[in-house]
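Protein chains in written order, with this note's numbering: chain H, 704 to 957; chain E, 5 to 195.
The hints are simulated quantities; they were obtained by calculation from the structure and are not laboratory data.
Note that this is a predicted model, so its numbers are computed, not measured.
For each residue, glycine too, the CB sits at the ideal point set by N, CA and C.
Any given hint could be a false lead.
To be verified - Negatives, chain E to chain H, calculated, CB over 12 Å:
no.: 1; residue: T129
no.: 2; residue: L140
no.: 3; residue: N154
Said to hold, decoys possible - Lysine to aspartate or glutamate pairs mimicking EDC-like chemistry, simulated, CA-CA at most 20 Å apart:
no.: 4; chain 1: E; residue 1: K56; chain 2: E; residue 2: D150
no.: 5; chain 1: H; residue 1: K740; chain 2: E; residue 2: D149
no.: 6; chain 1: E; residue 1: K168; chain 2: H; residue 2: D736
no.: 7; chain 1: E; residue 1: K68; chain 2: H; residue 2: D736
no.: 8; chain 1: E; residue 1: K168; chain 2: H; residue 2: D939
no.: 9; chain 1: E; residue 1: K168; chain 2: E; residue 2: E82
no.: 10; chain 1: H; residue 1: K740; chain 2: E; residue 2: D120
no.: 11; chain 1: E; residue 1: K68; chain 2: E; residue 2: E91
no.: 12; chain 1: E; residue 1: K56; chain 2: E; residue 2: E89
no.: 13; chain 1: E; residue 1: K56; chain 2: E; residue 2: E82
no.: 14; chain 1: E; residue 1: K168; chain 2: E; residue 2: E182
no.: 15; chain 1: E; residue 1: K79; chain 2: E; residue 2: E91
no.: 16; chain 1: E; residue 1: K79; chain 2: E; residue 2: D42
no.: 17; chain 1: E; residue 1: K79; chain 2: E; residue 2: E89
no.: 18; chain 1: E; residue 1: K168; chain 2: H; residue 2: E936
no.: 19; chain 1: H; residue 1: K740; chain 2: E; residue 2: E152
no.: 20; chain 1: E; residue 1: K56; chain 2: E; residue 2: D31
no.: 21; chain 1: E; residue 1: K56; chain 2: E; residue 2: D37
no.: 22; chain 1: E; residue 1: K116; chain 2: E; residue 2: D76
no.: 23; chain 1: E; residue 1: K79; chain 2: E; residue 2: D120
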Amino acid sequence: MTLHASLTGTPAENDWVRLPGNPAFATVLDYADSGGKARVAPFEMSRRPVTNAQFLAFVTANPRWRRGAVPAVFAEARYLDHWRGPLQLGNDVRPQQPVTRISWFAARAYCEWQSARLPRWAEWEYAAAADGSRSDARADPAWRERILSWYAKPSTHALADVGTGSADVNGIHDLHGLVWEWVDDYAAMLVSSDNRQQGDKDILQFCGAGALSTKDRENYAVLMRIAMLSALEADDTTANLGFRCAREIPGATP
Amino acid sequence: MKALRRCLALFLIATSAGAAEIALPSDSIYWLDATLSDQSGVTAPLSARRGKPQLVALFYTSCKFVCPLIIDSAKGVERGLDPREREALNVLLVSLDPARDDTAALASVARKRRLDPAHWTLARTDDGSVRKLAALLGVRYRALDDGEFNHTSALYLIDAEGRKVASTSQLGPVPDPEFLTQVRAALSPRP
């Protein structure tokens, strides 16, 4: 099997976009301890979600992450089950489509292989606030409407290739409108229905203060993402859940 | 000759144990490549805990409220066992807070709570491994700005091969009866 150089897993230098961050980003996650502000340090994010071709290069180089070889504890049975084989995409799966049906463990391992990591939620939300001309377009009802219309679309047809939608003001594609994306700290979103609905005996579930409420209740699109992510377990995979990587700015002190 | 025969027997036992080590079940948490450092500063891979059922929980030493209850709960389970069962069970508590929970902090808790080092391991590991271990167990947590953690609290029963068998979030010195039954079942000798 051969791969074109452009389809292999190593992103070229210009696949990373540098974002300046925000010391007090207004997140929709309104934790009691943080007052709804998140510190987002400068970081880099990949321009596009990870593709099937890139993920194929990863499993080719890392046999223990191949379908059928990965321990069940790291990825459930549906892991990559739309590919024809462990090292074959097949005719129905295009190389430039975003990879989906990958678990948090697998997504994390891919980013580590790239000397990177998964974006944290606050980083993702901060980047995804942009539109084509503004770094934070969230107050604009038209922005909300446009994003929401994607979530309202049934997800029955095949996913588009990555990067086909227009880039935002930072040069980043597909934060909305293509796939859901894993974040590193999905498990820090303590909003699963289990936690909300527990009775008295489970009041001790949480150690310490800091329960979550959500501010900006009009921002349905982002709230839906939070609801979805908070319901996932780390070995879960879905047909519409992909990921992209982030990394510290090389040479910068953390 | 007798000595030789004994030697041979030992060799056979050793090799058959070696063969059994090879096949780790696919749903075992011991696939996680993590290094634990315990309350004595001794380091070992997580997978070295294979072979005995474990009670496992995540905690942190500066936690005032729920974390002491996690220790109470594991002690409560131990008290509900007969001596043979108690001997066969280990307890592993891993810190959510590796930045502050150094060996001395872990040792201090172990001493104050009189945790028998033959059965109780209080451990720290790197930040990424904590996140992965939490994900394997199903623990959700978030660091708060004031140094505390918001986290779901449960005691997990892991079998000798590293499979998650049961859990309870009913914490306290009186063990959850259903959980205790599951622990005793896991400790019962194989037919």
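message = Are any of the numbered hints broken by this structure? If so, which, sorted upward?
response = Going through the list in order, the structure violates hints 2, 3, 4, 6, 10 and 11 and respects the others.
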